[in-house]
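**Q** Listed below, chain by chain, are the residues.
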Amino acid sequence: MSRKKLLWVLLVLFTAFVLAACTAGEDAGEEPDDADTDTAEEAEGEEGGEDAAAEETPDLDGKTLYINNGQEPTSLDPSIGFDQVSWDPLNNLMEGLTRLDENSEAAEGVAESWDISEDGLTYTFHLREDANWSNGDPVVAEDFVFAWKHMLDPDTASAAAFLAYYIEGGEEYNSGEGSADDVNVTAIDDKTLEVVLIQPTGFFLDLLTNPAFFPINHQVAEETPDWHAEADTFVANGPYMLDSWDHDSEMIFAKNPEYWDADAVNLDYVHFSMVNDSNTQYQMFQTGELDTASVPPELSDELIDGDNVFIGEYGGLEFFRFNLTEEPFQNKKIRQAFSYAINRDDIAEYVVKQGVEPAYGFVSPGFTAPDGNDFREENGDLVAFDPERAQELLAEGMKEEGYDELPPIVLSFNTSDTIQAIAEAMQNMLSENLGVEVTLENQEWNVFAEAQQNLELQFSRSSFINDYADPVNFLESFVSDSYMNRTGFESEEYDELIQKGKSETDEEQRYEYLYEAERMLAEEMIAMPIRYYNVVVLEADGVEGILRHPVGYFDLKYADKTE
Amino acid sequence: MLKYIFKRLLIMIVTLWVIITLTFVLMVNIPGSPFNTDQSSNATVQANLEAHYNLDQPYYIQYLLYIKSIVTFEFGPSIKQPNQTVNDLLSRGFPISFELGIITIALAVVSGVLIGIIAALRHNGFLDYLTMGIAVLGISIPNFILATILIQQLAVNLEIFPAATWRSPAHMVLPILALATGPMAIIARLTRSTMLEVLTQDYIKMAKAKGLSPWKVIFKHALRNALMPVVTIMGTLFAGILTGTFVIEQIFAIPGMGRYFVESINQRDYPVIMGTTVFYSAFLIIMLFLVDIVYGILDPRIKMHQKGGRSR
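In order, the protein sequence lines correspond to chains E and L. Numbered by this note's numbering, the letters in the first sequence go through residues 1 to 563 in order. Numbered by this note's numbering, the letters in the second sequence go through residues 1 to 312 in order.
To be clear, the hints were calculated from the coordinates, so they are not data collected in a lab. Don't be surprised by glycine CBs; every beta carbon is placed ideally from N, CA and C. Treat the hints loosely; a few may be bogus.
Short derived list, chain E residues pointing at chain L, Cβ under 10 Å [to be verified]:
id: 1; residue: Asp77
id: 2; residue: Phe82
id: 3; residue: Gln283
id: 4; residue: Asn446
id: 5; residue: Ser477
id: 6; residue: Asp481
Next up, chain E with everything else stripped away, as it sits in the complex (with noise of 0.2 Å):
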């Protein structure tokens, strides 16, 4: 009798302790709530009032965009923040001498024009009369100057610096031979500046547009070298401003009323989250709390054809490297074999999904040639699936090589759930079309990237993403010294077609060299293109207008939410 009294007190208690801890918790920081629920109706209207999620993202007063930065940005300095999670945020706060337009391509940022010399080496810029930055400093050809030489310094370590070996003088500061004077780039006066290049290049305009080469304010920053560290003392001189920023948890933009184009800045703000679980993120989008998401890859399939979803095309490139150091890929033949007996359309439909597209060539589409056709389309396909043939050059090579029987291959790849798919897809085809049984073996990301590096594997896989809107910048990868190389492929011919297609003045010439530099690597095989990147988008009703480059960055400068 008393015992079941006893049991029913400690049910009772154990109930009471489980919803105190729960109140206990809701309690405990009460005011933030408190603040936020006056402004929740008005800003988060819309949303049809009584959904629970509008109320729990933080809420500001005025058009308000809620994305995702996946993570912390690496770096707000622009001379570190060398990667996607810094750049994004960076295109946004800041901007260069010039910016990627509607169409991704080149046009006036700070500087509202430039000269080009006739040898195409000096280059003019003057800025804008009403840029300013964020603290009301104008923005001056100085700003270029310390900025630039910052990111030369040796001491600063910079990731992007050799971005800027096409400057006079950038390559031997940044190696410690020269000293920071000897770098020819110069303020004329406050709103001229000069910049002297090596040699004549090309893309230099688009060079410009990459974050590494946005101003820095120089009197912040030698005031406070800190400067971009945190949101007080943070200066931009782009479409937003750094509001407020609690590290590993969230930034918020505010628009910048500085900035020269402010008429054409549409939001208010814009929140970033740091989520770096795709299915989370996936989820807050489905509650609201995120106007913008990417697609789990096991939602793939569902949602892929949805109505919201954005896909638009993304410089860069999944491919499988040859070590031409090993047996048996000193043999161009096997190396061609190889490549012919892989089906990329199965493996970008079937395998990687997401609507990718299979590459047929090395440069992803989406670079426009001179006479305004895709580099792509230009050069056309320049490899492709056919057994038979692979089986052909295969018995060629191996003759050559007097093989009875192809040495072990190992084909090498880092750890994750994908890329396995990948492997193990290709390993099929490879023994179904080919007649080869190649051993997989998956390494953790950084012991791989070190032993590729290395040399050390023999059938590799790797990816390469752009760094500006040239197709040089995938190419030259290639060539004998590169640190990029990472094939053992030496070809002097190749390094000059290189050298041309970055320095010849006459565009379309220029372009005439890099297609044959293309093909070339296509004729060698040194490397096995799969299937391009893309950037696929969920995006909720009402918003409009971000401009997503295939080079990297978005663009939220006209970007707008609407009802």
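We have chain E already, so just place chain L on it with the hints.
**A** Relative to the frame of chain E, chain L by itself:
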């Protein structure tokens, strides 16, 4: 007692030094570098980066630099987030992980012990089977699956709680539930089995025979002994949960310490690896020390100044 504590402190410092050294040896031996990237790069840039973080120095210099950074508790900047020092990361991440952890533990311990007692009192009854059935589920369902289910049901479908991030108390409910279920189940099962053992002992019969109320018998006499194994696992449980749980923090986008702990290793962010390892180890060592002290209080038979090692 003081002598014992002093001795323990000394052992703790030596342990910590061994951990630091081992971590360093392992760290320099895993292949890879923090600057490996799929992005374009070149040799000069890589050399500048290595020089900037002293990675071009011989190992003994690097080791001395690490020891120095630990002694002064200035771990220096993170390599992957150069704006932030490791101290920043720890002082920002730990309070959040701690907040999440302490609520989780409170919930897990109190409800776990209560469920355990209920089950023991109802031995082989319906409530026993029910609670233990749930406990088995709680142990066997990994918390990341539970987390996803909770988000899908309570946030997306029913829209009761927000899906993720760490902003208001409402944001805390789901991660805490997901995190607490496992430890709660473990504690409940442990409590139940020890409770069953204790309840059959003579001194309990004696206590009942004295005419004590069931309350007193359970809470004053039985529970005190039944809790010993629970206290034993508390030390590790505490340190583990309080210093952050990578998976849960990842799923709910909680800016705690757990992710630094795991990601720093993947990224070869050496200063962060050192900082988090030292912090976690120190925390764990202190927790185990405290558990030993609590033992002494709960069970006076365990003497602090006992000679020789006592196995735990």
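**Q** Indicate, hint by hint, whether the structure satisfies it.
**A** A quick look at each hint next to the structure:
Because the beta carbon of aspartate 77 of chain E sits about 7 Å from the nearest beta carbon in chain L, less than 10 Å, this interface hint is met. At about 7 Å, the closest approach between the beta carbon of phenylalanine 82 of chain E and any beta carbon in chain L falls short of 10 Å, and the interface hint on this residue holds. Interface hint status for glutamine 283 of chain E: upheld, as the beta-carbon distance to the closest one in chain L is roughly 5 Å, under 10 Å. Below 10 Å, beta-carbon pairs count as interface contacts, and asparagine 446 of chain E has one with chain L at about 3 Å; its hint therefore holds.
Given hint, serine 477 of chain E at the interface with chain L, holds; its Cβ is 7 Å from that chain's nearest Cβ, closer than 10 Å. Interface restraint check: aspartate 481 of chain E against chain L, minimum CB-CB distance 8 Å, threshold 10 Å, status holds.
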